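Student: Protein chains in written order, with numbering that gives the first Met the number 0: chain H, 0 to 293; chain E, 0 to 299.
Please keep in mind that the hints were generated in silico from the structure rather than gathered at the bench. Hints may be right or wrong, so weigh each one.
Within a straight-line C-alpha distance of at most 25 Å, the following computed SDA-like cross-link-like pairs (lysine to any residue) qualify [as the list claims (entries may be wrong)]:
#: 1; chain 1: E; residue 1: Lys109; chain 2: H; residue 2: His6
#: 2; chain 1: H; residue 1: Lys10; chain 2: E; residue 2: Val248
#: 3; chain 1: E; residue 1: Lys78; chain 2: H; residue 2: Thr5
#: 4; chain 1: E; residue 1: Lys131; chain 2: H; residue 2: Leu16
#: 5; chain 1: H; residue 1: Lys9; chain 2: E; residue 2: Pro129
#: 6; chain 1: E; residue 1: Lys176; chain 2: E; residue 2: Ala197
#: 7; chain 1: E; residue 1: Lys70; chain 2: H; residue 2: Leu16
#: 8; chain 1: E; residue 1: Lys70; chain 2: H; residue 2: Arg114
#: 9; chain 1: E; residue 1: Lys138; chain 2: H; residue 2: Val112
Model, not experiment: these values are computed from the prediction.
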Amino acid sequence: MLTTFTHSLKKSRGAILGWGISMLLLGAMIVPVYSTFADQGEAMEQFMEMFPPEMLAFFGGLADFTTLEGYLNIEFFSFVPIVLAIFAITSGSGMIANDEENGTLDLIAAHPVSRSGLFFGRLASILVSLILILALSWLGLFLPVQFMEEMDLDVIKIITPFLSMFAYLSVIGSFTLMLSLSMPSKRMASMIAGILLIADFFIQGFAELNADLEPIADVLPLNFYQGRGWTDGLNNEWFLGLLAASLAFTLLAWWRFHRRDIRVGGEGSWMLPAWVPFRRKSSPKPAVVEAAGD
Amino acid sequence: MNNDYAIKTEGLTKFYGNFQALFGVDLEVQQGEIFGFLGPNGAGKTTTIRCMLDTIHRSGGDVSILGVDPKEDPVSVRKMVGYLPGELNLDSSTTGEKLLRFFNSMRGGKADWTYVEALAAKLELDIKRPIKNLSHGNKQKIGVIQAFMHRPELVILDEPTQGLDPLMQREVLNLLKDMKSAGATVFFSSHIMGEVQAIADRVGIIREGRIVELAEPRSLIKRSLNRAFVRFKKPVDTADLDAIPGVSVLASDDGMEVTLQIEGEMDAVLKAVAKHPVSEFETERPSLEEIFLAYYEGGN
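Please put together the full structure from these sequences, using the hints given.
Tutor: Written out as structure tokens, the structure reads:
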């Protein structure tokens, strides 16, 4: 498992640096601009009031540009989890399915490593990668603050939204992982996870305008992400709830990986019986030949 | 199951959804032998091999690899086995050496690196080159090295010589013989009859998910149909030849030139033919390939 973990982590170096440095630079660019907003706080608020209330409601109401926290909520924490969800989706969907579809998993799995070792070794490397990306993102906010005297930001408090973001992204990643091990291809898993991610984002926004959507919005993962209100401290129930959901999806994915056959390569099929309408013509026999590989 | 066997399968079945790929495969491979596993594409060779390593789960039956059930303890089985997949795909983002070192670390660093370098030299492979720049044949060599480098007790190779030039094919076959000399068991699948005939102690033929023959290559050839062409000096009554059990007359040109198909021993045919003056007698021994084709085409 340790070999799997270190090997996977080494292979993720590019992704960690690419995502992490991008987020770090984003933070480093956003924070210094705050002083401009702070100086013109009143003017900004007047400017915001010119927008239709529905539109403001969609984005969570009037932005508080008079505080650094309020400014960061709007300029950073509102959309960064959606951007990093792309990393979570690609990592989750590709954790096992990537090597399986390019045909390298067959040989790796024939080495003395249990499926659990393979699964959890790779999962651990993704979690560490995510933590490192979030750490670099945090550094992007923290460092500029240290160099700008007029800014006052609690180092501990600013970790709170990152913790919440970690839990939220874990849910997205583990959900996609589960899909990728239950569906014929990682492409399909990524597509469904992506659609649900965007739907979640819009439902949260529209629920601010339409109370009928609130029951749906209330159970979706983005609702439990603390992009706002983190100055009051971490909402433990939300945080642990997201981690519990992530654990549940992970265990389902692990169970699925244990039960299924490892493909020789390529995408799989649903292996639907012949009487099912609209099934792919290739299913089941060619899929079997592909799976059998001989 | 008996521990004397390197590989033993009993009633091995495998379903992919509703499709049955293996129908009760029974195999026994003795320790220290080279076993050739023959079959056309789609016959179930790779499925059988992958069930042995539990990369796919068998649907029924029993499998024992060096006394261990791969379903119960796949890690122990894989520790003892070197495996080369039939459809070899390697991580192309690295070099051969780094990949081999990764595989070695997955095996707990058991491989003697000088042996790895010796194997690479024997196969004329520069392992420092990026995998993406290697030809199919050179990638296959990396596959062969990773299967052999920890000196396993059993090597399972799915089409080991595919993509290699004839010289390298011979080197790989020599490596298999070396493995056997060192006490290891070799199980390899192939559709190239010549190489199986050259090195295998025993052969198994699989067709449509069923083992249709298990034998030594020599006895397979012996037991099979032979053909004989006889040119007599004067016309003979071919009915006498046709009446011999196991013999049939395939063609006769006025009783002068006769082609016979003989199943089993030749003795009775030779005695019957010797009663007449003969100007020419030729026999054709079928190659393993012909035998294999006979099985494949449903001849048996």
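Student: Can you confirm whether the C-alpha distance between Lys78(E) and Thr5(H) stays at or below 25 Å?
Tutor: holds, 20 Å
Student: For the pair we were handed, Lys9(H) and Pro129(E), check the Cα-Cα distance against 25 Å.
Tutor: The hint holds at about 17 Å.
Student: What's the verdict on Lys138(E) and Val112(H), does the C-alpha distance respect the 25 Å limit or exceed it?
Tutor: holds, 23 Å
Student: Are the Cα atoms of Lys176(E) and Ala197(E) separated by 25 Å or less?
Tutor: Holds, because 10 Å separates the two Cα atoms, which is no more than 25 Å.
Student: Hint check: Lys109(E) vs His6(H), CA-CA at most 25 Å. Holds or violated?
Tutor: holds, 18 Å
Student: Straight-line Cα separation of Lys70(E) and Leu16(H) no greater than 25 Å?
Tutor: Distance ~40 Å between Lys70(E) and Leu16(H) Cα, so the pair is violated.
Student: Given the proposed pairing of Lys70(E) with Arg114(H), does the C-alpha separation stay at or below 25 Å?
Tutor: Holds: Lys70(E) and Arg114(H) sit about 12 Å apart, inside 25 Å.
Student: Between Lys10(H) and Val248(E), is the straight-line Cα distance small enough, at 25 Å or below?
Tutor: violated, 68 Å
Student: Hinted pair, alpha-carbon criterion (25 Å max): Lys131(E), Leu16(H). Please report holds or violated.
Tutor: holds, 24 Å
Hint check: violations occur at hints 2, 7; the rest are consistent with the structure.
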